[in-house]
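Novice: Residues per chain, in single letters:
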Amino acid sequence: MVPVSWYIGLGAILFMIGVSGVVLRKNIIIMLMGIELMLNSVNINLVAFSYYLNDIRGQIFAVFTITIAAAEVAVALGILISLVRNRGVFDVDKIDTMKG
Amino acid sequence: MEKFFFLIFAVVAVISALAVISFRNPVHSALALIACLLQVAGIFILLRSPFLAVVQVFIYLGAVMVLFLFVVMILDIKKAQMEAFAPANKWLMCVITSLIAVEFLVVIMGGSLSGFPLRGGGKETTIQAIGHALFTEYLLPFELVSILLLVAMVGAIVMAKKRWD
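Those sequence lines, one after another, are chains A and B.
Numbering-wise (this note's numbering), the first sequence opens with residue 1 and increments by one.
Numbering-wise (this note's numbering), the second sequence opens with residue 1 and increments by one.
FYI, nobody ran anything at the bench for these hints, they're computed from the structure.
Don't be surprised by glycine CBs; every beta carbon is placed ideally from N, CA and C.
Misleading hints may appear alongside valid ones.
Said to hold, decoys possible - Here chain B is said to cover these stretches of chain A; the calculated rule only asks that three of the stretch's residues, wherever they fall, bring their Cβ under 8 Å from a Cβ of chain B: (1) 8-17; (2) 28-38; (3) 54-64; (4) 74-80; (5) 92-98.
Assemble the whole structure, with the sequences as input and the hints as a guide.
Specialist: In structure tokens, the structure reads:
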């Protein structure tokens with residue numbers, strides 16, 4: 001029997017790896033992958049508690065999270081394509097058109 | 001036995017997640033992310049949630065990662081490859097995020113969660129139960145999510161379009 005804290009710990013580690021991917025990298029594609037990692041770690045937590053409490057709602061929320069992640073990736077990659085087509089940059093530090 | 005499989009999945013997931021954020025080439029990162037998401041699907045199976053494992057494989061590995069690879073493929077990644085992983089001024093951020101991760105682990109492992117009981121759980125969730133909950137109790141969120149998917153699809157098509165007519 002695996003304790004639930006192991007699952008939550010794994011989720012926390014994956015979340016922090018995703019955060020460091022967003023913070024450390026300048027490549028916008030890798031940043032999007034970091035966001036995917038963070039959403040996945042949240043899913044691990046939801047499903048772990050759903051299993052340990054014998055409550056199906058955690059899995060329903062995980063399904064919704066996966067849906068939101070798919071929609072987010074589609075929109076983000078659309079923005080990325082038009083950005084690269086118009087500006088030709090991947091570096092987020094150079095994207096400062098809307099900076100005040 | 002369950003601990004053994006959990007440790008395999010967890011270690012491979014963490015290693016491939018570290019590979020995602022440290023590879024220079026976005027294609028290699030995407031492949032490492034596929035490996036990581038597969039381990040998470042295995043963890044869902046360990047948690048007796050076969051439906052979510054299948055959804056994870058279908059949507060994340062089948063749809064999202066293929067979309068990533070397509071976008072990396074149609075864009076010019078030569079310029080993106082030039083970027084180094086962590087220049088000298090970023091070591092501070094590395095240290096800060098690792099410290100936060102260690103803090104998370106200390107709180108989770110040392111807190112009351114370590115004695116969290118299995119409350120009548122341990123049973124495998126059937127797809128029938130998930131479908132029943134989705135179409136009765138969660139019907140409104142389900143429909144809203146479908147509208148959100150439609151909006152996201154329209155938005156993605158509009159933004160990726162070549163030129164306005």
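Novice: Look at each hint and say if it fits the structure.
Specialist: So, going through the hints one by one against the coordinates:
Under a criterion of three residues with beta carbons nearer than 8 Å to beta carbons of chain B, the stated coverage of the stretch 8-17 of chain A is upheld, 9 such residues being counted. Requiring three or more residues with a Cβ within less than 8 Å of a Cβ of chain B, the coverage given for the stretch 28-38 of chain A holds, as 7 such residues are present. For the stretch 54-64 of chain A, the stated coverage by chain B holds: 8 residues have a C-beta nearer than 8 Å to a C-beta of that chain, and at least 3 were required. Only when three residues or more bring their CB closer than 8 Å to a CB of chain B does the claim for the stretch 74-80 of chain A stand; here the count is 6, and the claim holds.
Counting residues of the stretch 92-98 of chain A whose beta carbon lies closer than 8 Å to any beta carbon of chain B gives 0, which falls short of the minimum of three for the stated coverage.
Checked against the numbered hints listed earlier, the structure breaks hint 5 alone; every other hint is satisfied.
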